[in-house]
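Number of protein chains: 2
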Amino acid sequence: MPTDIEIARAATLQPITAVAERLGIPDDALHPYGRHIAKIDHAHIRGLESKPEGKLILVTAISPTPAGEGKTTTTVGLGDALNRIGRKTVICLREPSLGPCFGMKGGAAGGGKAQVVPMEAINLHFTGDFHAITSAHSLAAALIDNHIYWGNKLGIDLRRVAFRRVLDMNDRALRNITQSLGGVANGYPREDGFDITVASEVMAVFCLARDLADLEARLGRIVVAEDRDRKAVTLADLKATGAMTVLLKDALQPNLVQTLEGSPALIHGGPFANIAHGCNSVIATRAGLKLGDYVVTEAGFGADLGAEKFFDIKCRQAGLSPSAVVIVATVRALKMHGGVAKSDLGTENVEALERGFANLARHVENVRRFGAPVVVAVNHFHADTEAEHAALKALCRDRLDVEAITCRHWAEGGAGAEALAHAVSSLADGGAAAAPRFAYPDAMPLEDKIRTIAKTLYGAADIQVESKAAAKLAAFEQDGHGNLPVCMAKTQYSFSTDPTLMGAPSGHVVAVRDVRLSAGAGFVVAICGEIMTMPGLPKVPAAEGIRLDAEGRIEGLF
Amino acid sequence: MPTDIEIARAATLQPITAVAERLGIPDDALHPYGRHIAKIDHAHIRGLESKPEGKLILVTAISPTPAGEGKTTTTVGLGDALNRIGRKTVICLREPSLGPCFGMKGGAAGGGKAQVVPMEAINLHFTGDFHAITSAHSLAAALIDNHIYWGNKLGIDLRRVAFRRVLDMNDRALRNITQSLGGVANGYPREDGFDITVASEVMAVFCLARDLADLEARLGRIVVAEDRDRKAVTLADLKATGAMTVLLKDALQPNLVQTLEGSPALIHGGPFANIAHGCNSVIATRAGLKLGDYVVTEAGFGADLGAEKFFDIKCRQAGLSPSAVVIVATVRALKMHGGVAKSDLGTENVEALERGFANLARHVENVRRFGAPVVVAVNHFHADTEAEHAALKALCRDRLDVEAITCRHWAEGGAGAEALAHAVSSLADGGAAAAPRFAYPDAMPLEDKIRTIAKTLYGAADIQVESKAAAKLAAFEQDGHGNLPVCMAKTQYSFSTDPTLMGAPSGHVVAVRDVRLSAGAGFVVAICGEIMTMPGLPKVPAAEGIRLDAEGRIEGLF
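So the protein sequences, as listed, match chains G and X. Numbering-wise, the first sequence is residues 0 to 557 according to numbering that gives the first Met the number 0. Numbering-wise, the second sequence is residues 0 to 557 according to numbering that gives the first Met the number 0.
In short, the hints are calculated from the structure, not lab data. Backbone N, C-alpha and C define an ideal beta-carbon position, used for all residues, glycine too. Misleading hints may appear alongside valid ones.
Beta-carbon label-pair distances, calculated as ranges [unchecked claim]: (1) X:Gly544 / G:Arg436: 45 to 51 Å; (2) X:Lys230 / G:Asp27: 55 to 61 Å; (3) X:Ala442 / G:Leu157: 50 to 56 Å; (4) G:Ala386 / X:Asn151: 35 to 41 Å.
Calculated lysine-lysine pairs in the PhoX-like style (CA-CA distance at most 25 Å, straight line) [what the hints assert, rightly or not]: (5) X:Lys230 / G:Lys538; (6) G:Lys538 / X:Lys238; (7) X:Lys152 / G:Lys538; (8) X:Lys87 / X:Lys289; (9) X:Lys392 / X:Lys341; (10) G:Lys152 / G:Lys230; (11) X:Lys538 / G:Lys152; (12) G:Lys152 / G:Lys238; (13) G:Lys238 / X:Lys392; (14) G:Lys230 / X:Lys538; (15) X:Lys50 / X:Lys87; (16) G:Lys50 / G:Lys248.
In isolation and in its complexed conformation, chain G is listed as follows (with noise of 0.2 Å):
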């Protein structure tokens, strides 16, 4: 099998243009970067309003392991199948971060043949909309020193800015800084940090607003700070919103490329998916769901975080039905969930898959919890034996009465898909999809919200709030914020705040460290455990070895 870097250089690729026009877009809607990107205009989007909407369906998946799921190239694969099968699809995908790129993540467009392409541009600036995010908030940054600077009128307490700097850049130097040294002419020190830009609550509200009116509206109501009498100081309060949507305009329009089959996949936004909700635009994906009949997206991380908050926030707050969710499962992770070493996964284990399963199960228990039907996609490797399939094909059967479907869109591309699709196309075709039922209503206590999260679908005993943190939560229901969804931010390998407790573990207790308000984005974030908002290199960072080739392409990225 050629790289995946081969493969997508060896793709003739259609003009976006052509791409466009099978989803009755015409050229003078779009915004083209090059011949194989283009941007969607706004006016177009608006017009869109009145259509009916295609189904949606939810590609998730078991909690990550190092074996590797699959679901960016499943949920490519699949959108490639049901095009193949004569559904018209559109696949939404999020924007990868430059800064991962140098570290050694590689990239994020897909792999093998089910990829979404040109991937160097996808990878790297693409359309530039996360330097509009850095840029605006950025601005942002700048303008609450400037305020401090210049008198302070609004009375921001130094020591309670929470509204930190941001650089699309994996830099573990600037996670803390002091600032404003060097006297008097550089402001008033004080302590401050660089989160990457996908950790940015303008990329959350990014990805969260309708339109550019609750764009704007939502960064006006972002915290940043707080005053000496502990009252919120906004970016509305700052008169910083005009300018960081001016600045945001041209991004906020969703970004058309194509899969390497030539399925159309919307690639827009990227917010993190623990102090954040992991999900691309909602623009984008609206957008989708007006020009399919069939959008195919994901949810980042594992089911209890990504499906969850897909549900709980982005169709709480997009209005949002999915038809359909597909599970996306490999028999290697499962071994992995069922304690086999990394090195061992090349050895048929069906005991330690049937072990592993209970993680795939209460996924499977949790999403069904939403009111969606669920398929398992069980995503083929090169090692996995006949036995291994039929196991976990029955284990789903006989225990969860959920079908499990073999996938080979990674070496087949959609036709290693379509029996997926078959699957997924059944499942939603059975009538307008229901509205989700949430698993926490919106007047339920943040306290409570937090727990029942925990107890319902990690299967913890309880949750530990720090004291600070309870204060916190109090303080904003008092500032009328209870009513938000919450965004847990924990860690992505396990149901339990500790990463090494694979499998389906019970009876822990989810320990919360911190919450954090994201009023722009519309939720509160309860920090389990420690985050990383700022990634470092390793020792060998990738970008030693990412060069252009003597015909000017580049070699080293993937």
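Fit chain X to the supplied structure of chain G, relying on the hints for placement.
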């Protein structure tokens, strides 16, 4: 007269493909960014190598004053006028910086009827070139601290890291920081700071590189730190250059836009004019010379800084020979140089004009030393009187034997600069341009180069090099950098280092406070006075008034 933005909005733009076609650029050599902006592909630029070159016209100016000179509008107006009189002309300009738009600067795309369009896009993210430079710089900065973190094999001296960080925002709080705080996982604490992106040496390298290979080689020569033995550590040592070049690959392709009258304009790169050389990219200028019969380009600040560096750095490195130089002056600005307060500029004052003429006279004499023929463009302002214009023309003729031509391009577009266009083309068409006579030979010692510029061009009695700076110059020469040109960083408002000394001061001493090696860009910076590399925002930043109006158009940016 309508405002700049009203004029720009009322314009009917041609498809950029049509503008390109008139230059013989086929569609498939263009990377479109929307309908009115395109990058010209590297391969097409390479293919132009064998073509004959047009004539190069430099537009520079007297020492700037708060009265305004209109160098960019003159560059645009002259380009339009040359096209009007049948000369195929390409305009080459710098890209505006994003950060200052939110302070008080306004846009940088010309004004009145002499503008490049689409102006909002050009002034904001444009094609993302500056974001790419910020990314490449940020990657290098991250790799430095990452190298130190993972064992510091190169033995970088933490106290001697010269490579600061950058962001394209006016943010005084980031001028001086301490970083890597918070414990072992965040690295080794050290002092650092941010400059604005245009001050990055990566920007200067970008603007002086001939092609991608030269870009990568120059990046590799950037000295970022010293080790404990005071040996230079470069970006090549850190293996940073391949990935940086990948990040800059698309950006290095020049951007094609148009003027209000449809003249082609290449807007590409934008280094600081103090600590760097202040000209658009060599790649754009050279491409323009292959594509047009004339290229009209500008240099930063007044001729003492801008034109001198244009000749001694850009022309020297790129082998360019200007055929004519236009020095822009205004009656208003010369009256200020003659001692008139800004509030009194509306009153006719031929006497003050004659006093201030000394500033123009020295710039004309200086530029002539480089061997290029000179013409003076008197940019007409509303309150100017006939008597003033007549007096200025007589002074130019009688004292300098130089033609001075009144231009009305701001109010009239290219038609208002036709007389200038005729004068310029008759100067330029006199024969093949002679190679410039540089202010100093490569082999001259660095300190003597600085002294030569100060005495010959600034009218200084001498220079005074601080002992630390002198030692650094000696070290640079020891390390083999003695042949580099020098890049003067001093106030743009005076021939001296005192910004309040207007007109044409003589006999002053130029104090050289510090020197810096820009080995990648290929010059040694001589810092004379305080040079700000990270601006701040004013008390009421322009950002507060920038917003989208009800029709989604940008308000308050200009």
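Results for each hint:
The given range of 45 to 51 Å is respected by X:Gly544 and G:Arg436, whose C-beta atoms sit roughly 47 Å from each other. Range check, X:Lys230 to G:Asp27: about 59 Å between beta-carbon atoms, so the 55 to 61 Å window is met. Between X:Ala442 and G:Leu157 the CB atoms are about 54 Å apart, so this pair conforms to the stated range of 50 to 56 Å. For the hinted restraint 35 to 41 Å between G:Ala386 and X:Asn151, the CB-CB distance of approximately 51 Å leaves it violated.
As the CA atoms of X:Lys230 and G:Lys538 are separated by approximately 23 Å, the hinted pair is consistent with the 25 Å bound. Restraint check: the Cα-Cα separation between G:Lys538 and X:Lys238 comes to about 13 Å, which is no more than 25 Å; the hinted pair holds. For a cut-off of 25 Å, the pair hint linking X:Lys152 to G:Lys538 stands: about 11 Å separates their Cα positions. Distance hint between X:Lys87 and X:Lys289 is fulfilled; the C-alpha atoms sit about 11 Å from each other, no more than 25 Å.
Our distance criterion of 25 Å between C-alpha atoms is met by X:Lys392 and X:Lys341, whose separation comes to about 23 Å. Of the supplied pair hints, the one linking G:Lys152 and G:Lys230 holds, its CA atoms being roughly 14 Å apart against a limit of 25 Å. The hinted pair formed by X:Lys538 and G:Lys152 meets the criterion: a straight-line CA distance of about 11 Å does not exceed 25 Å. The straight-line distance between the Cα atoms of G:Lys152 and G:Lys238 is roughly 13 Å, inside the 25 Å bound, and the hint therefore holds.
Annotation: proposed proximity of G:Lys238 to X:Lys392 is violated, straight-line Cα distance about 49 Å (limit 25 Å). A C-alpha spacing of about 23 Å is found between G:Lys230 and X:Lys538, which places the hinted pair at or below 25 Å, so the restraint holds. Of the supplied pair hints, the one linking X:Lys50 and X:Lys87 holds, its CA atoms being roughly 15 Å apart against a limit of 25 Å. Among the hinted pairs, G:Lys50 with G:Lys248 is consistent with the structure: their alpha-carbon atoms are about 24 Å apart, no more than 25 Å.
Hint violations for this structure: numbers 4 and 13, all remaining hints satisfied.
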